[in-house]
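Order-wise, the sequence lines are chains A and B. Letter 123 of the first sequence, counting from 1, is numbered 123 in our numbering, and no numbers are missing. Letter 138 of the second sequence, counting from 1, is numbered 138 in our numbering, and no numbers are missing.
It is worth saying that the hints were derived from the structure and are not from the lab. A portion of the hints provided could be inaccurate.
Same chains, same label: a pair holds when it works inside one copy or across any pair of copies.
[Unchecked claim] List time: in silico PhoX-like cross-link candidates among lysine-lysine, alpha-carbon distance up to 25 Å: (1) Lys18 to Lys313; (2) Lys184 to Lys310; (3) Lys186 to Lys59; (4) Lys55 to Lys165; (5) Lys45 to Lys55; (6) Lys18 to Lys163; (7) Lys18 to Lys45; (8) Lys184 to Lys55; (9) Lys55 to Lys18; (10) Lys88 to Lys18; (11) Lys360 to Lys20; (12) Lys88 to Lys55; (13) Lys45 to Lys25; (14) Lys30 to Lys59; (15) Lys163 to Lys45; (16) Lys20 to Lys59.
2 protein chains.
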Amino acid sequence: MNIVVQKYGGTSVGTTEKIKRVADKIIQKKNDGYAVVVVVSAMGKATDHLIAMAKEVSKNPDSREMDMLLTTGEQVSIALLAMALIDKGYPAVSYTGHQLRITTSSAHQHARIIDIDPARVDRALREDKIVVVAGFQGVTEEQAYTTLGRGGSDTSAVALAAKLKASCEIYTDVEGIYTMDPRKLKNARKLQSISYEEMMEMASLGAGVMHYRAVELAGNYSLPLYVASTFADTQGTMIEGASKLMEQTVITGMASSLDDVQITVRHLPADASTLYRLFGELAQEEINVDMISQMITDAGEMHVSCTIPKETKELAQRIMTRWQVENPQIRWELNLDIAKVSVVGLGMRTHSGIAARVFKAMADNDIEIRMVTTSEIRISWVVDARHEDKVVLLIGQAFGLTT
Amino acid sequence: MNIVVQKYGGTSVGTTEKIKRVADKIIQKKNDGYAVVVVVSAMGKATDHLIAMAKEVSKNPDSREMDMLLTTGEQVSIALLAMALIDKGYPAVSYTGHQLRITTSSAHQHARIIDIDPARVDRALREDKIVVVAGFQGVTEEQAYTTLGRGGSDTSAVALAAKLKASCEIYTDVEGIYTMDPRKLKNARKLQSISYEEMMEMASLGAGVMHYRAVELAGNYSLPLYVASTFADTQGTMIEGASKLMEQTVITGMASSLDDVQITVRHLPADASTLYRLFGELAQEEINVDMISQMITDAGEMHVSCTIPKETKELAQRIMTRWQVENPQIRWELNLDIAKVSVVGLGMRTHSGIAARVFKAMADNDIEIRMVTTSEIRISWVVDARHEDKVVLLIGQAFGLTT
Numbered sequence: 001m002n003i004v005v006q007k008y009g010g011t012s013v014g015t016t017e018k019i020k021r022v023a024d025k026i027i028q029k030k031n032d033g034y035a036v037v038v039v040v041s042a043m044g045k046a047t048d049h050l051i052a053m054a055k056e057v058s059k060n061p062d063s064r065e066m067d068m069l070l071t072t073g074e075q076v077s078i079a080l081l082a083m084a085l086i087d088k089g090y091p092a093v094s095y096t097g098h099q100l101r102i103t104t105s106s107a108h109q110h111a112r113i114i115d116i117d118p119a120r121v122d123r124a125l126r127e128d129k130i131v132v133v134a135g136f137q138g139v140t141e142e143q144a145y146t147t148l149g150r151g152g153s154d155t156s157a158v159a160l161a162a163k164l165k166a167s168c169e170i171y172t173d174v175e176g177i178y179t180m181d182p183r184k185l186k187n188a189r190k191l192q193s194i195s196y197e198e199m200m201e202m203a204s205l206g207a208g209v210m211h212y213r214a215v216e217l218a219g220n221y222s223l224p225l226y227v228a229s230t231f232a233d234t235q236g237t238m239i240e241g242a243s244k245l246m247e248q249t250v251i252t253g254m255a256s257s258l259d260d261v262q263i264t265v266r267h268l269p270a271d272a273s274t275l276y277r278l279f280g281e282l283a284q285e286e287i288n289v290d291m292i293s294q295m296i297t298d299a300g301e302m303h304v305s306c307t308i309p310k311e312t313k314e315l316a317q318r319i320m321t322r323w324q325v326e327n328p329q330i331r332w333e334l335n336l337d338i339a340k341v342s343v344v345g346l347g348m349r350t351h352s353g354i355a356a357r358v359f360k361a362m363a364d365n366d367i368e369i370r371m372v373t374t375s376e377i378r379i380s381w382v383v384d385a386r387h388e389d390k391v392v393l394l395i396g397q398a399f400g401l402t403t
Numbered sequence: 001m002n003i004v005v006q007k008y009g010g011t012s013v014g015t016t017e018k019i020k021r022v023a024d025k026i027i028q029k030k031n032d033g034y035a036v037v038v039v040v041s042a043m044g045k046a047t048d049h050l051i052a053m054a055k056e057v058s059k060n061p062d063s064r065e066m067d068m069l070l071t072t073g074e075q076v077s078i079a080l081l082a083m084a085l086i087d088k089g090y091p092a093v094s095y096t097g098h099q100l101r102i103t104t105s106s107a108h109q110h111a112r113i114i115d116i117d118p119a120r121v122d123r124a125l126r127e128d129k130i131v132v133v134a135g136f137q138g139v140t141e142e143q144a145y146t147t148l149g150r151g152g153s154d155t156s157a158v159a160l161a162a163k164l165k166a167s168c169e170i171y172t173d174v175e176g177i178y179t180m181d182p183r184k185l186k187n188a189r190k191l192q193s194i195s196y197e198e199m200m201e202m203a204s205l206g207a208g209v210m211h212y213r214a215v216e217l218a219g220n221y222s223l224p225l226y227v228a229s230t231f232a233d234t235q236g237t238m239i240e241g242a243s244k245l246m247e248q249t250v251i252t253g254m255a256s257s258l259d260d261v262q263i264t265v266r267h268l269p270a271d272a273s274t275l276y277r278l279f280g281e282l283a284q285e286e287i288n289v290d291m292i293s294q295m296i297t298d299a300g301e302m303h304v305s306c307t308i309p310k311e312t313k314e315l316a317q318r319i320m321t322r323w324q325v326e327n328p329q330i331r332w333e334l335n336l337d338i339a340k341v342s343v344v345g346l347g348m349r350t351h352s353g354i355a356a357r358v359f360k361a362m363a364d365n366d367i368e369i370r371m372v373t374t375s376e377i378r379i380s381w382v383v384d385a386r387h388e389d390k391v392v393l394l395i396g397q398a399f400g401l402t403t
């Protein structure tokens, strides 16, 4: 039995009209000889509507009951999609997370999948049925309904595919993974394939499409993920192990964002505990620090700079104000108008000098780099916000990211 | 532990605002020292909305998937109600039919409850929680979700109360059971109590409020049912065993309806199989026959008259046309403009002459009776539709059904 798990997101099943079109697409795959398992999200705005009602009855809704509420969203989608398939003459059956025993941790609203019992899906597939599964949800050992949080439905699909030893196709409202968000870089190139590691770096930079978590799970199982458009009949992108990639380009993709601010703290005591205490306090307030750079001056003082999400800047300001009181010698500043630009590519492992090429492109155009960090397959740097478009264009051209 | 099961219908939880008011009412009961289990229906128009979507994807939606879809309606209500209770400082927990193992037959959309496992409710009540249960739904042995059909949520509440040895309160948008629909008889009297048998007769006459099925189940378990208004703080009606009723009135209630038509067939052969064949064919087409009257003429022919729901009249016409072909001697007619009036009362068992009083009232006012049938506690008769209001008023006065 050649099994494929297809996942359709909320915009793909946003209306009953779209659900019927998705049914046609599923039937096409079935007619190609596949046993098809479909994972669906809640219809378009359904989840938002449910959350709005919850806020009307409680300012801080109970998280178990929130999951009880939200899981209805996918249940509506699976029922409608199964009906549409049956209506078109194809036997189908839908299952909730509870019915499939998609067992999760008990962390409501961001549960982790522990295991899936594939028996019921197996049986239905053997009966030649199309199986429609509610994404984003599971059930605890105590039978409480849970939701998986961001990237949840993709994770459901990957976990199911891994368990069923199936291939996995993620259908969405974009046509695949691009070298760069096409809204930011005109003529950005669609990638035929990208490695799990690169995709994870891109995802953690907020380059939409796939969530870090689902890609990581697919990587753990060496499960190739095909990402393509639901309604446009174009070739998508394969996310797979690096060894399978025919040709290694140096830079696979780029991301840029205006969503961060930069904090710089100067004249800190250079003793061992300072960094630990500083980032410990930020972590305690759940402030996600991304880039960090640090140096010790001739005078034995420490300067630290880091980027944090814009929406946490008030929290960080409060912490810094307190530090200032305790350590009157320090100076700190917040830079609100920054752009964070990153390039990602497995090729960096073997090609040296990528950073130098980036720095040259910046220098040639008089763009000041305010901060740089690098990992094995990523370089990120901070420039003034007003330079974002120019930097994206320069790097896109320099590394051949456009068509 | 003094347990009460309260049931709130769809209009009582139609908006988040109403859900908060229902929460206050539940809390009042809890503060009176009761362990409270609440059964709720889907919010107001939620079910209609789901059905409309189903019709958009399939003209004849699969019944298993229809139940998968419809059960989300109550799941939304229970989550929101539990959130509202928790928000007001009262620990609460919601359960679906699946979670409570409300096991039903596998007849999707009109399943019957087989059993309920009370363990989970027991445990939650012992933890001092208010338990919120999704009405109208259950699960088959094979874990498929089912719905119970008309009167389903009331039936869920009664079954739970019977299992938990609890008392049962049905809250709705009317203030109790009246001698007659107050929209039809001004000053109709609200009953303090009514017996199961009378209520079942009233229910089967379409006298709203309670469905036959829930009343029958309550009667089987000798479980008193209290029916009252959700938001008006007035005394409701107790449905209970006849022996508990202090005073037996002759007539407890009246119902009238314009929803039937009358078929009369004359000159039928008077042999034994005719009636069986005639009503057998009507039954096969799922035409519900209510009143039947029959007589044999001097000439040894049979005349039969019966009432059937107006919406099945085309089906019946087709059957009669076929009979006419097979039996050219018969004559049949359909009377579309009839009113069916009924009086119900346990008192008829001991008081003779009720029928005579009815006939006298009709005769005194020149109202022709087109058909009569009687059961042990009910008399029903058919008059021309234009007389309905007059008959209701006359009988209401004659038997003291008004205030």
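When no copy is named, should Lys45 and Lys25 be tagged within, between, both, or neither for a Cα gap of at most 25 Å? within (22 Å within a copy, 32 Å between copies)
If the cut is 25 Å between Cα atoms, do Lys18 and Lys45 qualify within a copy, between copies, both or neither? both (14 Å within a copy, 23 Å between copies)
Treating 25 Å as the Cα threshold, decide for Lys55 and Lys165: within, between, both or neither. Neither: 41 Å inside a chain and 36 Å across chains, both beyond 25 Å.
If the cut is 25 Å between Cα atoms, do Lys88 and Lys55 qualify within a copy, between copies, both or neither? The answer is between: 14 Å across copies meets 25 Å, while 39 Å in one copy does not.
Check Lys45 against Lys55 for me: Cα-Cα at most 25 Å, and say if that holds within a copy, between copies, both or neither. Both, since 16 Å and 20 Å are each at most 25 Å.
Checking Lys20 and Lys59: alpha-carbon separation at most 25 Å within a copy, between copies, both or neither? between (37 Å within a copy, 13 Å between copies)
Within, between, both or neither: Lys30, Lys59 at alpha-carbon 25 Å: Between copies, since 23 Å is at most 25 Å while 46 Å is not.
Alpha-carbon proximity context of Lys184 and Lys310, limit 25 Å: Within one copy only: 20 Å inside, 65 Å across.
How would you classify Lys88 and Lys18 at a CA-CA limit of 25 Å: within, between, both, or neither? Cα proximity of Lys88 and Lys18: one copy only (14 Å, versus 41 Å across).
I want to check one pair: Lys360 and Lys20. Are their C-alpha atoms no more than 25 Å apart within a copy, between two copies, both, or neither? Neither: 53 Å inside a copy, 63 Å across copies.
Identical-chain pair category, Lys18 with Lys163, by Cα at 25 Å: neither (29 Å within a copy, 45 Å between copies)
What label fits Lys163 with Lys45 when the C-alpha limit is 25 Å: within, between, both, or neither? neither (30 Å within a copy, 40 Å between copies)
Comparing the model with each earlier hint shows violations of hints 1, 3, 4, 6, 8, 11 and 15; every other hint is respected.
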